[in-house]
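A.B. asks: Sequence lines, in order, name chains A and B.
Under the working numbering, think of the first position of the first sequence as 67, with each following residue one higher.
Under the working numbering, think of the first position of the second sequence as 723, with each following residue one higher.
These aren't lab readings, by the way, just hints derived from the structure by calculation.
Any given hint might turn out to be false.
Derived coverage of chain B by chain A (criterion: at least 3 residues anywhere in the stretch with Cβ under 8 angstroms from a Cβ of chain A; other residues may be distant) [said to hold, decoys possible]:
no. : stretch
1   : 740-746
2   : 841-854
3   : 1003-1010
In silico lysine-lysine, DSBU-like type, Cα no more than 35 angstroms apart, as pairs [stated by the list, open to error]:
no. : chain 1 : residue 1 : chain 2 : residue 2
4   : B       : Lys1146   : A       : Lys370
5   : A       : Lys116    : B       : Lys1064
6   : B       : Lys1162   : A       : Lys237
7   : B       : Lys1050   : A       : Lys76
8   : B       : Lys1064   : A       : Lys120
9   : A       : Lys290    : A       : Lys120
10  : B       : Lys1050   : A       : Lys330
11  : B       : Lys1064   : A       : Lys372
12  : A       : Lys290    : A       : Lys116
13  : A       : Lys116    : B       : Lys1074
14  : A       : Lys144    : A       : Lys330
15  : A       : Lys112    : B       : Lys1162
16  : A       : Lys372    : A       : Lys112
17  : A       : Lys112    : B       : Lys1050
18  : B       : Lys1079   : B       : Lys1146
19  : B       : Lys1064   : B       : Lys1050
20  : A       : Lys330    : B       : Lys1064
21  : B       : Lys1074   : B       : Lys979
22  : A       : Lys112    : B       : Lys1064
23  : A       : Lys290    : A       : Lys330
24  : A       : Lys237    : A       : Lys76
25  : A       : Lys116    : B       : Lys1162
26  : B       : Lys1064   : B       : Lys1079
27  : B       : Lys1079   : A       : Lys120
28  : A       : Lys330    : A       : Lys116
29  : B       : Lys1079   : A       : Lys112
30  : A       : Lys290    : A       : Lys237
31  : A       : Lys370    : A       : Lys112
32  : B       : Lys979    : B       : Lys1064
33  : A       : Lys112    : B       : Lys1074
34  : A       : Lys76     : A       : Lys179
35  : A       : Lys112    : A       : Lys330
36  : A       : Lys144    : A       : Lys290
37  : A       : Lys144    : A       : Lys179
All values reported here derive from a predicted model rather than from experimental measurement.
We put the CB at the ideal spot given by N, CA and C, even for glycine.
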Amino acid sequence: MPDYTRRVAKAPALVGGFVLPSGPRLPRVGSVDAVALEERAATLAKRSIKRESKVQALRLAVRMMDLTTLEGQDTPGKVAALCSKAIRPDPVDRSVPSVAAVCVYPSLAGVAKERLAGSGVRVASVATAFPSGQSPVEIKIAETRAVVELGADEVDMVIDRGAFLSGRYAKVYDEIVRVKEVCGDAHLKVILETGELGTYDNVRRASLIAIAAGADFIKTSTGKINPAATLPVTLCMMEVVRDVYAETGRMVGIKPAGGIRVSKQAVQYLVVLYETLGREWMTPDLFRFGASSLLNDVLMQLRKEKTGLYQSGDYFTID
Amino acid sequence: MAQVEKRESSAPAPAPLEWEYAPAPEARDVVQLEERYGLFVGGEIVQPQTGEWFASISPSTEETLFEVALAGEADVDGAVGAARDAYENGWSGLAPSERAKYLFRIARILQERSRELAVAESLDGGKPIRESRDVDIPLAAAHFFYYAGWADKLEYAFPNRTPEPLGVAAQIIPWNFPLLMLAWKIAPALACGNTVVLKPAETTPLTAMIFADVCRQAELPPGVVNLVTGDGTTGAHLVRHDGIDKLAFTGSTEVGKLIMRELAGRDVRLTLELGGKAANIVFDDAALDQAVEGIVNGIYFNQGHVCCAGSRLLVQESIYEPLLEKLKRRLSTLRVGDPLDKNTDVGAINSKAQLEKIRELVASGEDEGAEIFQPECELPERGYWFVPTLFTNVAQSYRIAQEEIFGPVLSVLTFRTPEEAIEKANNTPYGLSAGVWTEKGSRILWMVERLRAGVVWANTFNRFDPTSPFGGYRESGFGREGGRHGLEPYLRLE
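Bound-form chain A, shown alone (with noise of 0.2 angstroms):
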């Protein structure tokens, strides 16, 4: 493992969870008033971000890329050419730094973390019954223990939204504690599925639970649901980090995932990180897209911020 690994976000695994204080203010889970949150994640997103301030915003965000493959129809060929890709973004422009993680079903663990040997780029694969968690816990736990063992570095999990949305908050705490346990050295994503949630309220509700339980990161969606990532319930997840940091001094990490395509997009979502979370988050340790199609839009920008000309699709590789 390189040493910048060790810096990610990354909560103790506690029997019985990660416990919050009981401070004056806690426990106060506190309420989200979605006509405001909506209108500020608006009002970011109209942030004019242009040269320089641009070229660093789409740099930093390819090192934040978790490549993305979640397919039925994934194949070891098809996630090999993912990992190179996610080595080398862009084989013409030597200076486009690797993506962050190549994100890939269980099965194909073992294939990326061959391909991505040294490279620095880190296996993320998600488990826990993905993309709708409706499992036995055991088998939950097992398949994180198997992925584990396959070599993956990131676990990305989903909660259980049945039992969340039946008021089960405990199961839901429960599960977390319990893959957390297993992960060991493994960072722990734990997938909200905001779109299933409902309301912002919940999404706070859940987010607290999640990070409560040992999440490193919160991740807002497997990308099977529409919406799946947004703009307000990013921000409304970012403002949940920012009350546990403001309370306890832990710095969680958050991923919006899914429905992300365009450069654009990515700088606006930047934008909310800065002004909500400060400079201390705009690192790929705590803040990640997961994304596919995202990556070679973000490429085509970069060329032609270099060379002041829009090159056609053609001239960026799929894979």
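Since the structure of chain A is provided, determine the placement of chain B on it from the hints.
C.D. replies: Same frame as chain A, but now just chain B:
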């Protein structure tokens, strides 16, 4: 395995990105500034009979942008005469649906020229382009659209009454929302069949002069809208003129009182929209992050040059600390600077005089013992600027808790119970607006019944809409603008 570039495992971890937004200025060249702007009287641009002109400067650079006419008594008389003529020989007799057509046309032209108007507003007044682009100009157009719709439906607005126009409406507007205030005044007046003589504020005449061009473009009959620029003396001539039937004033309470005295005993209808010292009340169950946004929008929007600004923050003591932490953090992310930069949140103070007034009141707050917080921020060298400011440890008796500052300065007070919040909120001679932040619907209603304020916002602040009436209580004035209520001051209802 493919040849891959291996990253040195000893390579230092990448540090978080130091990110600065590059300047993103809106292009100025959409506004063609003239050297001099005359008066708009009887459909023509005319030279002032006083022969006097004064400079309009940009508050963000202190450069002189153009000169504008100083209208004297004879000029005002000419404008009122032109308005009277237009009223009696055409406008009042025009089919209401025809009046509506002109208003719709003006609204559309405002939309078409919105970029030019937004840049002009920011250039002349110092407000951030983000606000003039997203708030001032769209709302101004919306007001014309809204009142255009009422023009031929007045009898439905007031069933069983016979609405008749008043005649010539004299209107005096402030510098904080130049075009928007113009729209608030002119749209209902024209929709009701009146003609208008309007005096724009001394420091912000530019969008009004562009509006003169909009009137000509819309082929509005000459004399229906007349614009007289000038200072306080011009306003006084207009108030004293015996040819006016109605006076609408938005501005300071001090001047409002003078006007009321002046009009006593005269047959002139009056509406006043004056100052305020609004309480923004945050309960412990509020959505805190959104409340912080609302507080910021309440007081730092338009540099705090807002009569209904939430300048007194009342926080329930149980959440005082976390809320203040959040608020201070948020304040330090505000981007103060060039009003024409698309990323600017807080622009320039409108005038030197206003800047001095803000400084004086802030100094008094420090003298009286309040604790000041100002985020670190770099201000441009030239121009009029004031760092967004927050005062804690404020007592109800301090001047900063009593007087209207009209700048980006917030006074924070605390309360323990809803009763105490009401008591403190109402303890002011003003009564324009208030804000309530709570997730409990019943508490919002309970508060609204007791707050003595013309406008109460719940879980939002500084939100305006043409359909919603706006106006004050007590020393914040009387009469309503906006909505169906906004028609009444411009009609005689038999």
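A.B. asks: If a hint holds in the structure, say so; if it doesn't, say that too.
C.D. replies: We went through each hint and held it up to the structure:
Against chain A, the stretch 740-746 of chain B contributes 7 residues with a C-beta closer than 8 angstroms to a partner C-beta. That satisfies the three-residue criterion, and the hint holds. With a threshold of 8 angstroms between beta carbons, the proposed coverage of the stretch 841-854 of chain B by chain A is violated, since 1 of its residues qualify and at least three are required. Counting residues of the stretch 1003-1010 of chain B whose CB lies closer than 8 angstroms to any CB of chain A gives 4, so the stated coverage by that chain holds, three being the minimum. For the hint pairing B/Lys1146 with A/Lys370, the CA-to-CA distance comes to about 58 angstroms; that exceeds 35 angstroms, so the pair is violated.
A distance of roughly 11 angstroms separates the Cα atoms of A/Lys116 and B/Lys1064; the hinted pair therefore holds under the 35 angstroms criterion. Distance restraint check for B/Lys1162 and A/Lys237: the Cα-Cα separation of roughly 29 angstroms lies within the 35 angstroms cut-off, and the hinted pair is therefore satisfied. Between B/Lys1050 and A/Lys76 the CA atoms are separated by roughly 28 angstroms; this keeps the pair inside 35 angstroms, and the hint holds. Distance hint between B/Lys1064 and A/Lys120 is fulfilled; the C-alpha atoms sit about 15 angstroms from each other, no more than 35 angstroms.
For a cut-off of 35 angstroms, the pair hint linking A/Lys290 to A/Lys120 stands: about 30 angstroms separates their Cα positions. Distance restraint check for B/Lys1050 and A/Lys330: the Cα-Cα separation of roughly 30 angstroms lies within the 35 angstroms cut-off, and the hinted pair is therefore satisfied. A C-alpha spacing of about 24 angstroms is found between B/Lys1064 and A/Lys372, which places the hinted pair at or below 35 angstroms, so the restraint holds. The hinted pair formed by A/Lys290 and A/Lys116 meets the criterion: a straight-line CA distance of about 33 angstroms does not exceed 35 angstroms.
Restraint check for A/Lys116 and B/Lys1074: satisfied, since their Cα atoms lie roughly 33 angstroms apart, inside the 35 angstroms limit. As the CA atoms of A/Lys144 and A/Lys330 are separated by approximately 27 angstroms, the hinted pair is consistent with the 35 angstroms bound. For the given pair, A/Lys112 sits about 32 angstroms from B/Lys1162 by alpha-carbon distance, which is consistent with the 35 angstroms threshold. For the suggested pair A/Lys372 and A/Lys112, the alpha carbons sit about 24 angstroms apart, so the restraint of at most 35 angstroms is met.
At roughly 23 angstroms between alpha-carbon atoms, A/Lys112 and B/Lys1050 fall within 35 angstroms of each other, so this suggested pair holds. Of the pairs offered as hints, the one joining B/Lys1079 and B/Lys1146 holds, with about 25 angstroms between alpha carbons and a cut-off of 35 angstroms not exceeded. In summary, the hint linking B/Lys1064 to B/Lys1050 is supported, as the alpha carbons are separated by about 23 angstroms, within the 35 angstroms threshold. Taken as a hint, the A/Lys330 and B/Lys1064 pair is honoured in the structure, with Cα atoms around 16 angstroms apart against an allowance of 35 angstroms.
A C-alpha spacing of about 24 angstroms is found between B/Lys1074 and B/Lys979, which places the hinted pair at or below 35 angstroms, so the restraint holds. At most 35 angstroms may separate the alpha-carbon atoms for a hinted pair to count; A/Lys112 and B/Lys1064 meet this at roughly 8 angstroms. With a CA separation close to 22 angstroms, the supplied pair A/Lys290 and A/Lys330 stays within the 35 angstroms bound. Pair hint A/Lys237 plus A/Lys76 holds up; C-alpha atoms about 22 angstroms apart against a cutoff of 35 angstroms.
As the CA atoms of A/Lys116 and B/Lys1162 are separated by approximately 43 angstroms, the hinted pair breaks the 35 angstroms bound. Taking the CA atoms of B/Lys1064 and B/Lys1079, the gap is near 28 angstroms; set against the 35 angstroms cutoff, the hint holds. Between B/Lys1079 and A/Lys120 the CA atoms are separated by roughly 40 angstroms; this puts the pair beyond 35 angstroms, and the hint is violated. Restraint check: the Cα-Cα separation between A/Lys330 and A/Lys116 comes to about 11 angstroms, which is no more than 35 angstroms; the hinted pair holds.
A C-alpha spacing of about 33 angstroms is found between B/Lys1079 and A/Lys112, which places the hinted pair at or below 35 angstroms, so the restraint holds. The straight-line distance between the Cα atoms of A/Lys290 and A/Lys237 is roughly 23 angstroms, inside the 35 angstroms bound, and the hint therefore holds. Taking the CA atoms of A/Lys370 and A/Lys112, the gap is about 21 angstroms. The hint holds against a cut of 35 angstroms. For a cut-off of 35 angstroms, the pair hint linking B/Lys979 to B/Lys1064 is broken: about 39 angstroms separates their Cα positions.
Restraint check for A/Lys112 and B/Lys1074: satisfied, since their Cα atoms lie roughly 31 angstroms apart, inside the 35 angstroms limit. About 21 angstroms separates the Cα atoms of A/Lys76 and A/Lys179, which keeps this hinted pair within 35 angstroms; it holds. Of the pairs offered as hints, the one joining A/Lys112 and A/Lys330 holds, with about 10 angstroms between alpha carbons and a cut-off of 35 angstroms not exceeded. A distance of roughly 19 angstroms separates the Cα atoms of A/Lys144 and A/Lys290; the hinted pair therefore holds under the 35 angstroms criterion.
Only pairs whose Cα atoms come within 35 angstroms are accepted, and A/Lys144 paired with A/Lys179 is accepted, the gap being roughly 14 angstroms.
Taken one by one, the earlier hints fail for this structure at numbers 2, 4, 25, 27, 32, listed in ascending order.
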